[in-house]
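Sequence lines, in order, name chains A and B.
Every letter in the first sequence is one number past the one before it in numbering that gives the first Met the number 0, and letter 94, counting from 1, is 93.
Every letter in the second sequence is one number past the one before it in numbering that gives the first Met the number 0, and letter 201, counting from 1, is 200.
Please keep in mind that the hints were generated in silico from the structure rather than gathered at the bench.
Where is the CB? At the ideal position from N, CA and C, for every residue including glycine.
Take the hints with a grain of salt, since some may be wrong.
Derived DSSO-like pairs: lysine-lysine, alpha-carbon spacing no greater than 27 Å straight-line [stated by the list, open to error]:
hint	chain 1	residue 1	chain 2	residue 2
1	B	150	B	99
2	B	99	A	159
3	B	487	A	67
4	A	402	A	30
5	A	30	B	99
6	B	446	A	30
7	B	99	A	105
8	B	366	A	105
9	B	430	A	159
10	B	445	A	105
11	A	105	B	487
12	B	150	A	105
Residues from chain A that keep clear of chain B, each with C-beta distances beyond 12 Å, as calculated [claimed, not checked]:
hint	residue
13	102
14	194
15	212
16	258
17	346
18	375
19	420
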Amino acid sequence: MMSQILTNIIFLPLLMAVVLGIFRAPIRVLKIGAMFSSIATLVLVGILTYNFDTTIGIQFVQDLPWIKNAGISYYIGVDYLSLIILLLITSLMPPLYIYMFHENRKGYWYNMMLLQTGVTGAVLSLDLILFYLFWETMLLPIFVMIGKYGNGMHQYNSMKIVLMTILGSMSMLFSILYLGYIYFETTGMWSFALTDLDTLVFNAQTSIWLTAGFLLAFAIKIPLVGFHTWMAPAYGSAPTPAVVIMSAIMAKLGIYGIWRFGYGLFETTLSYYAPTIIVLTLIGLLYYAVRAITEDNLRKMFAYSSGSHLSLIALGVFLTNEYAWSGSLYFIATHAIASTGIFLMIGLTYKRFKTVNISSLGGIASKAPKFTFFFAFFALSIAGLPGTGGFVAELLIIIGAFKANLWIGVLTATTMLSAMIYIFWMIQRTLFGQANNDIEYSDLSVREIVMLLPLLILLLATGIFPSFFMKIYETQLYFTLQEFMLAIGGLK
Amino acid sequence: MIEQLLLAMPMAIVVIGAFVLMLLSHSRRIKLDRLNIVAVFFLIISFIMQYYTLGNHTGTFLLENVFNESFILDDFATIFDLMFTAGAILTLLINNDYFKSRQYFSGEYFALILFSVFGMMMLSHANELVTVFIALEIASISVYALVGYHKNNKISSEAMMKYMVLGSMTGVFFMLGTALIYGAVGSTSLTQIATYVSSNSIEDMTMLIVGSTFIMITIMFKIGAVPFHSWVVDVYHGAPYPITMFMASTFKIAIFAIALRLFIVNFGSINSFWTEILQVITILTLLGGSWLAIRQTLVKRMLAGSSIVHSGYLLIAISSIGLGSELAAPAIMFYLIAYFLSSVGAFGILSFIASQSTKQMHYEDFKGFASRRPYMAIMMSIFMLSLAGFPSTIGFLGKFYIFTSAIESGQILLAGLGILTAFISVYYYFKLIAMMYFYESDKPQKKFPFDISTILIVVMALLIIWGGIGTSLIPFIPGADGFIEIAKQAISSLK
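Produce the entire structure from the sequences given, and follow the hints as far as they go.
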């Protein structure tokens with residue numbers, strides 16, 4: 000059973016969707032089925048985590064031949080990095096389904112199940128073609144969800160996100176194919192398995208081009224500043240579950256990609272690109288923060304805020320010291336939870352007030368205290384409220400930044416401040432102020448509290464007992480870091 | 000002798016079927032769907048017979064004492080024949096509703112399709128340039144007639160005229176090329192030409208090279224490579240849907256059959272001579288085709304434009320063959336299979352919709368299609384994804400093989416351009432998906448009609464998915480590996 004467990008985790012939602020689709024399940028059954036698949040995967044991931052060995056690298060490997068002629072295999076496995084994101088995906092799905100409880104459009108539910116398979120597969124695959132398959136597949140549900148169920152100029156924005164992301168993945172595909180060819184040239188066999196390609200040695204020029212192919216894909220996905228034009232429109236138009244997945248999971252997959260494939264394949268070349276990217280992320284930190292301050296639409300505002308924080312994570316990854324790395328990985332997890340919380344709150348805001356513009360909101364605090372509490376909590380945890388996980392993570396990254404360079408450290412620390420500015424100003428304008436008496440303010444229902452409470456608890460737990468969670472990855476992360484340092488002939 | 004006759008049977012049955020259908024079509028009592036069944040019956044017999052000759056040919060040439068060395072028998076030709084007959088069967092069956100909905104269809108339609116299939120089969124077996132020409136003309140003239148089948152329609156007649164005049168003119172190029180080659184070699188047999196080519200140095204073969212370049216022009220015209228593409232969009236647009244489907248999927252493959260045979264076997268040792276020309280044509284084809292496809296508002300014209308782009312991908316692989324890539328030839332075969340499946344499916348759905356209305360299908364007409372016909376929309380999306388080369392469909396693997404072969408032969412920039420045009424193609428294919436899904440329809444949902452044409456479309460869609468993700472783990476069923484194995488078998492039988 001344990002050797003199959005990853006396959007089950009990946010394909011359970013898809014299988015559920017296919018079965019329900021074939022039998023044309025009525026909406027009630029569809030909801031139960033989707034919920035069941037999300038809980039079943041959660042249980043499976045729980046079992047996986049329980050049996051996970053924190054002292055070794057990739058485990059639960061399943062390697063089956065798929066297309067033998069081209070050396071493509073169904074090669075999946077999990078290590079600390081993928082486990083973190085896997086845990087996130089599976090634990091965020093049930094709250095999302097609870098959020099969608101009253102959603103009676105069937106396509107919504109099918110797309111969510113497909114999406115879960117797509118993102119899970121991308122995280123777990125260790126064969127580059129397989130990874131590419133899932134990487135592209137997860138785009139389809141997003142495409143349909145924004146385009147079909149979105150708001151505003153959703154058709155246009157959906158096309159935009161798909162085209163920009165596919166531009167990135169096409170460049171990645173080129174690099175993947177070229178890597179496979181280099182492997183063929185050196186060994187006489189085709190293979191796209193990460194472990195095989197890892198053994199390759201390229202000349203500098205080739206390596207720089209190949210890395211560029213990968214980096215473009217990841218930079219668009221994150222998005223780094225300059226590659227971000229799809230972000231705000233897409234976040235603004237997308238329905239809430241899609242926004243949550245985009246911000247909490249898909250953007251993180253860009254970081255994951257850099258970590259897995261960047262550091263897995265091109266250690267030295269990444270340090271060639273590091274200064275450029277660090278500059279980009281620093282610009283991103285400030286640029287996104289400024290955009291967030293001036294933005295009136297809540298969804299777009301938190302899109303920019305998300306961009307700013309993802310720049311921070313990317314910065315941490317490229318700083319390559321133990322604080323920054325540990326902080327980045329921790330921030331991936333905590334930011335995902337916090338942004339899920341805040342985007343769900345924005346979704347609830349929209350359900351209640353039919354608007355997400357800050358200027359038309361106000362005075363919620365006096366009418367709906369529970370709503371206000373959760374809203375403020377998630378918003379503050381985005382800003383890095385002490386006691387929540389985000390604070391620990393940001394602190395680690397900032398320490399790492401100071402360790403790398405004083406000025407980078409100073410610049411990084413300012414983001415925490417800028418986040419405070421837009422968050423507090425937003426809270427002041429939306430939650431407090433004059434209430435509009437024409438609108439009916441309904442407080443959170445029990446279902447909504449059930450949905451939000453686990454996120455709140457998780458955020459507090461990650462903030463109060465960070466070492467408990469860090470144990471999952473610490474040993475292996477430092478090991479990877481040391482390997483990297485050896486590869487580039489660095490400090491230690 | 001009897002065995003030899005049996006080997007000739009697949010072709011003979013098709014042509015006999017064509018004559019039978021011509022006779023039957025004069026009777027007013029026999030309805031069109033009966034004729035359809037007769038036509039499909041002949042094609043299926045031919046298909047089955049070919050299936051059993053696959054891999055066990057007793058002689059090298061067909062009826063050598065009658066035809067001399069005009070017709071070659073090998074797996075390469077047989078696999079192409081299988082594709083032609085399958086293509087014709089699918090064309091006939093999927094369009095069952097379409098020709099019933101149009102008054103202008105009559106009995107000759109079936110005879111012409113069968114004649115055309117006969118011409119293509121002859122083309123894939125031909126081992127002699129005059130035979131190639133005759134085969135090409137048999138196939139083409141049937142297609143000319145079919146394109147102009149809607150006699151009272153101006154667009155259809157215009158398309159026919161355009162295609163026929165231009166096609167005949169490029170036919171003249173072919174003849175001129177043949178004459179020049181005959182002048183150089185003293186024979187039109189491909190075997191003789193191959194010996195001549197391999198025994199002479201490239202400097203002494205100017206006449207042969209000029210001649211074969213003329214032949215290449217004909218081939219480029221037929222596959223619609225830029226700068227010989229001006230007919231494609233108009234002809235595809237003017238022809239009735241079944242004919243467009245037949246041309247895009249089946250007839251195009253036939254041209255590649257002869258192109259591959261000439262390029263790999265006969266001019267094998269000098270084919271690197273054309274590399275630069277081919278590369279320029281490829282670049283033009285990829286960019287020009289994309290440009291054409293983007294600008295269209297009619298879905299049919301978009302598919303026509305995109306078929307030029309697909310020719311461009313195939314041309315990448317053809318120039319890779321010249322540069323010595325091992326993968327390229329099977330890649331072309333695989334891509335042809337993939338393109339065949341996807342375009343048959345896409346045109347099949349278009350003609351299914353067209354059989355219910357007389358509207359020209361613009362992108363806008365697909366608004367809300369997903370809510371009217373959810374299953375059809377899913378399948379159309381699958382075909383579009385496969386044409387765009389989206390992973391988990393067979394189209395992705397087709398592109399995968401083409402681009403790796405290009406990289407293998409060192410044409411890295413061309414592979415990059417191919418990937419770039421694949422990206423552009425995402426735009427015009429996804430636009431259709433967007434139209435289908437992103438708009439609500441005010442009309443009620445229709446039931447999925449279960450009849451032979453829709454079932455075949457479903458089968459196509461499943462094959463596309465299976466060809467893209469099917470594993471080699473399930474015994475007896477060929478997965479994604481199976482198709483490339485077939486392609487490799489075909490290519491290895493050539494040499």
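We went through each hint and held it up to the structure:
1. B:150 with B:99: holds (17 Å)
2. B:99 with A:159: With Cα atoms ~42 Å apart, residue 99 of chain B and residue 159 of chain A exceed 27 Å; violated.
3. B:487 with A:67: holds (13 Å)
4. A:402 with A:30: violated (50 Å)
5. A:30 with B:99: violated (43 Å)
6. B:446 with A:30: holds (24 Å)
7. B:99 with A:105: violated (36 Å)
8. B:366 with A:105: holds (19 Å)
9. B:430 with A:159: holds (11 Å)
10. B:445 with A:105: holds (17 Å)
11. A:105 with B:487: Cα-Cα ~44 Å, so violated.
12. B:150 with A:105: violated (46 Å)
13. 102: For residue 102 of chain A, whose nearest Cβ neighbour in chain B is about 16 Å away, the distance exceeds 12 Å, so it holds.
14. 194: Answer for residue 194 of chain A: holds, closest chain B Cβ roughly 20 Å.
15. 212: Since the minimum Cβ distance to chain B is about 10 Å, residue 212 of chain A lies within 12 Å and the statement is violated.
16. 258: Given that every Cβ of chain B is farther than 12 Å from that of residue 258 of chain A, nearest at about 22 Å, it holds.
17. 346: holds (21 Å)
18. 375: It holds; residue 375 of chain A is separated from chain B by about 36 Å at its closest Cβ, greater than 12 Å.
19. 420: holds (37 Å)
Violation of the numbered hints given earlier is confined to hints 2, 4, 5, 7, 11, 12 and 15; the remaining hints are satisfied by the structure.
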